[in-house]
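A.B. asks: So the protein sequences, as listed, match chains A and B.
Just so you know, we're using our numbering here: the first sequence kicks off at 1170 and counts up by one.
Just so you know, we're using our numbering here: the second sequence kicks off at 11 and counts up by one.
Calculated directly from the structure, the hints in this document are not laboratory data.
A hint or two may mislead.
Covered stretches of chain A (chain B as the covering partner; in silico rule of three or more C-beta atoms under 8 angstroms from a C-beta of chain B) [as the list claims (entries may be wrong)]:
#1 1241-1253
#2 1288-1295
Listing some non-contacts, in silico: residues in chain A with all C-beta distances to chain B over 12 angstroms [as the list claims (entries may be wrong)]:
#3 SER1326
#4 PHE1336
#5 THR1356
#6 VAL1357
#7 THR1358
#8 THR1437
The C-beta atom is built at its ideal place from N, Cα and C for all residues, glycine as well.
Chain by chain, the residues run as shown.
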Amino acid sequence: MKPGASGRFRAVVLAAAALLAAAGCGRDEARPGPGAPDGARPSGAVFVYCAAGVKEPVEEIAKRFTAETGTRVEITYANSGQLLGQIETTRTGDVYIPGDVGFAEKAAEKKLLSGAPRPFCFFVPAIYVRKGNPRGIREVADLARPGLKLVLADRSSAVGQIQEKLFRKNAVDEEALKRNLVASPATVTDVALAVKLGTADAGIIWDALSGFAPAEAETVAIPTEKNVIGQVTACALAGARNPAGAAAFLDYLLSDKGRAVLSSKHFTVDAPR
Amino acid sequence: MKPAPGGRLFRGLTSSAAVAFAAVIALLLVVDLLYILAFLARSSAGEASGFWRELLGGGDWAAVLGGQTVRELLLSLGSATVTTLLALVLAVPAGYALSRHRIPGKVVVDTFVDAAIVLPPLIMGVSLLVLFSALRRTGEALGTPPDALTGEPGRPNFLVQWLYDFFVYQRPGIVLAQFLVGTALAIRAMRAAFDAADRRVEDVALTLGCSRFGAFWRAALPQTWSGVLAGGVMCWSYSVGLFAPVQIFAGAIEGRTRVLPTRTFLEITVGHLELALALTLIMAGIAMAVLICLKFALRRPAGTGGPVS
């Protein structure tokens, strides 16, 4: 080794130590206080598995819940299927909020839930069109009209799954839809973006996104009897280490306070009639 | 010295391979930046300020430094640094053994090291979770069973429970998830470095009275300095950007286990593509700065190939 190299090595080790110390400081900040128990351990904190699609309202509601009750909420986000896998393997955690009721049913079949899933909010499909609806789209069947530039989310997304049922329910010619298709992005937000930017004339989104681009686009509601409504439920988990905390958080989530947050973020809280 | 015929052509061809590749990566980062700028140009003032608030966490420096992004960035860089130090501690002797010793079934051992790199990252996380759930069940079996008479719930084995609680959905879980592949990469680099090192130097040291450990420490290891650097850089870079196994094994809990790459993933799932790209650019920029500093601090004299002696 060159004589200078060991000195430089020492400098690098020092730098690494400084970085660790910095990361360690962040750790102290993040913890509410010395000796506070950690999430998965039996403690006052509530551990929540939350679908990424409802991240914004759940994050906000959890913040308010903590401010009011002093109970910490620890939320891990992913897609509903992955969360179900995590619950199944670890049997830890107190609350599960999947993006679609189907996942709650699967969890119930696997006996992972304690009590029935409770309705949290609804995902209502709507047609998203350019501002002023220049193509005169009134109903789902209009999307098959020749010459329309259509954007539909990919099947792998929740909206992609539900819109297939929607087209079947409305007996829309799927071949004609395919001919109109200009893009099939992976997420519902990209569908809204395509309409906003004018890359497409119309697409299917959730009503929660209706305020996405008020200056460039607007929604055309689908009548409930012709629509297929998605439901988001919140469930208490059978393996909960903090069942009391889970119940309190669920109650808060579904209370008027939780509903107010949902509404403020354009989520539908009452079953559409 | 007169340049050899074709020297300039040779130099040009080899250099352009390196430059062209680096340019493609640079191009990727530049188009990301352009995407963000285009977003800012077309968005309203409200949207733009929301973007900056989400990205940096506040209006003044105190809010920025205490904000979510900086905390997540520090967690990514810090966990990757811990991982790299631990990985090198294991990779140096492991690389040496794979290079020098005759171990029965060495090919098998070597291939399992590769397997760590082959496994899809997400599966690495799932496997860890499955392993720890099996561990937890073992702990329950080893512990006190529930009392049927008093109705007192059973208590799992203390040690196993501690191990489970230490890693699953906790910060050490981030390091463990990064460590498995990071170490495999470091072992690869160390093995190559020991393969390239001159064994005779070590033999001479031995004949001059060094102990076995002394010869390793003073004759073999200094020759592989570039291997330590390469392995460390590979492990660190990989760990900084890793999220799939981290997200599944350590969770994505804000303020505890959400590293910056996990955050970018979550931002994409809720449709904030520009925010995800901006976060990535910040992380890539800082990681590149760290790597450049590291390379300067530990650089070899220019133009010398091979191991430093």
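A.B. asks: For this structure, which hints from the list above don't hold up?
C.D. replies: 2, 3, 5, 6 and 7
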